[in-house]
Structures are given as structure tokens and as C-alpha cells.
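Protein chains in written order, with the UniProt record's numbering: chain A, 1 to 318; chain B, 1 to 82.
Read the hints as simulated data drawn from the structure, not as lab findings.
Derived pair list, reagent style SDA-like, types lysine to any residue, alpha-carbon separation capped at 25 Å:
1. B:49 with A:297
2. A:249 with A:304
3. B:49 with A:209
4. A:91 with A:80
5. B:49 with A:292
Part of the chain A face toward chain B, derived, beta carbon under 10 Å:
6. 195
7. 202
8. 203
9. 214
10. 293
Where is the CB? At the ideal position from N, CA and C, for every residue including glycine.
Spelled out, the chains give:
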Amino acid sequence: MHPAGLAAAGTPRLRKWPSKRRVPMSQPGMADPHQLFDDTSSAHSRGYGAQRAPGNLGYPATSASPQAAFLTNPVSDMAVAYGSSLAAQGKELVDKNIDRFIPVSKLKYYFAVDTVYVGKKLGLLIFPYLHQDWEVQYQQDTPVAPRFDVNAPDLYIPVSLSPPAMAFITYVLVAGLALGTQDRFSPDLLGLQASSALAWLTVEVLAILLSLYLVTVNTDLTTIDLVAFLGYKYVGMIGGVLMGLLFGKIGYYLVLGWCCMSIFVFMIRTLRLKILSEAAAEGVPVRGARNQLRMYLTMAVAAAQPLLMYWLTFHLVR
Amino acid sequence: MAFTLYSLLQAALLCVNAIAVLHEERFLKNIGWGTDQGIGGFGEEPGIKSQLMNLIRSVRTVMRVPLIIVNSVTIVLLLLFG
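Please take these sequences and the hints and turn them into a complete structure.
Right, dumping it as C-alpha cells:
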């Protein structure tokens, strides 16, 4: 019943004048289908709606057909089919080209974590003083994803983007919470905090890349690695702000001081492997202008982290 | 602390403009930073100064045309929207 009614009503609708011709015919019968519309079940009303919808396309004010009637039109069917095919084409195009701009497969390596790894990493960020082995564990010349090697007796420090990403978002939310408890919150402030922190991150990455280029360091430190390392300080910032919310300024300064020291040590130990040459990384102080310069660079990067941690959070704790 | 991405873009544009206006003959040569004065031997140690000079020269060469476009767009947008 349904398709037959559609087939009959479908073809004339594509041209304008048959619909004009149909309206006077349906005008006398307007009252009856209208009443039947309100009273009968959806099956009946859809049948009537299909027959009346062609007349209603050109004259929307004449009757009140339910919205569902439009979905049963052949034109809307075609529109839906066209839209879905367009979406499929667009998705194909995006999938083909996304790998050129964002290395998706490489990014997946950075996000392959599990909760145990995240717990260990957080513990290491807060208390890096006892950890012995800081090398990245390799497996046939490519770094091992963190998920696979949780039970190794000597720990390792692969780089993952998951803790910094989570920490960044949590920092924005905690900042909103802190502003809210001081009655200074408004929704656009949240976006402002997020973009401000992102802008500082970008400035840091660019500054470090520039200084690495100037000192001609041949490292395997990729940009994503750098972003991940710089993102670790957000963990300390979150801890500081939360403590500041709970215990006031004393708690904030205590936790912030502790996390600053930890991030300082963590950064130095991590970057020493990447930036300095192998000989210096063993702990032997090598003379030479180049290595000294690299040591200064590592120190500067590590020292900038606590400064930024303080700068980005002190206005949140009053 | 309203340090938005937009102000970052503006600051970056101004910095690149500043690098691009350093004139080779009138200025850089006079302070010994010309590009033909810096290329030392083929040792492994380029040094910071020659790296900086290379950076300045490459920025000036590469960003000349895009800077024209981006500056014009920025000027028009700032005139229209303040």
C-alpha cells in the first residue's frame, strides 16, 4: 500500500504544474483527510500523507501534514541516499589524505598504554629520585609499545602522549573548578584557559626546537617526543592546584615545590639521554664546549618547567 | 593571562617580519653576519653564529612571498575588524 501510493504520487511531483492541478482537487476533500489524520493510526495517516504531500510541497501553509510524511517521499529518499554516498566519499578522501598531514600510525604508538603503565609513569613523575634505568627498550630497532612490557624487571621510559594529553585536559577542567570556587567562572574562561595553556606549550616547543637547531644537536628527539615531555608538567600543576583548593596557599606551595623539584630532576634525567652524547650520559663529565653547551641547554629546559608551572597556576589559587 | 593562540600568531608574524627586514648588504655585512663571511671550513662544528646566519638567510629567502600575502591579509582584517 505504501509503495504503491508513493509511486503514484512520485512522478508528477517533480514538475510544478501537476501539483498546482492537484491542489484544487484535494481542496474539497481537505476536511476529511485532515480529520482522519488526527484520528487514525500512523499507517493510515502515512498513506494519506504520501498522497497529500505532493500537493503540499508548493503550498506549505495549506495543511499540517506530520513531519514523518516528508521522510517517506522519494525525493527525500534520494536525498538521503545522495547524502550518505557523499559522506562515504568524503570519509574515503579524508582517510586517504589524513596520513599525509598527521602520521596516524605513529600517533597510535604514542597512545598504546594501559592503566598500570600510567600508574607507574605518574609515580615516576612525582618521585623520580630512585629510578635507575632510563633507557628506552628496543625491540628489533623500534621502541616497544608500553603495553607489552609491563613485567620487565628493569623499568624503561618510553614516551607516550597519553599521560600528557589526559593531564592537559584535566588541568583545564581543574582550572575551571578553581575559578568556579572563587566565583570567577564563566564558560568562555574555560576555552581561554585551554587556548592559553596550548599557546604556552607551542611557545615552549618552538623555543626548544630553535635552541636544539642552533646547538646542532643530532638527536632522535622528535617533535611529538618533545610535546610529550613538556606535557608532563601538567601533572604537577594539577596536584598543586587541587592541594591549593583543599588546603589553601600553604598546601599549594608545598605540593608545587615538591612537583617542581621532581619535574626538574625528571627532565634532566630524561633529556640527558637524548641531548647529550653517550659519554656524558654515563655520568662522566666530558670537557668541551659542545657538551657544556648541551648541558646548559638541558638545564635551561629543565629550569623553565618549574617556572612555567608556577606561572600558569598562581592566578588560580588565591 | 589572556594569552590566546591569536596573540601567538600575531607575535610570530611580527617576529618573522623582523627577521625578513634585515638587509643583507646594508646591515648584516657591517656587523659581520653576512652569509659569505660565515661559511667556515667543512668541520663538524658549524657553531651557533653560522647556524644563526644560515637561519636568517633561509627565513629571508623562503618567507618573502608568503609574508607579502599574510601581511596583506592581516592588514585588511585588522582594518576591518580592529
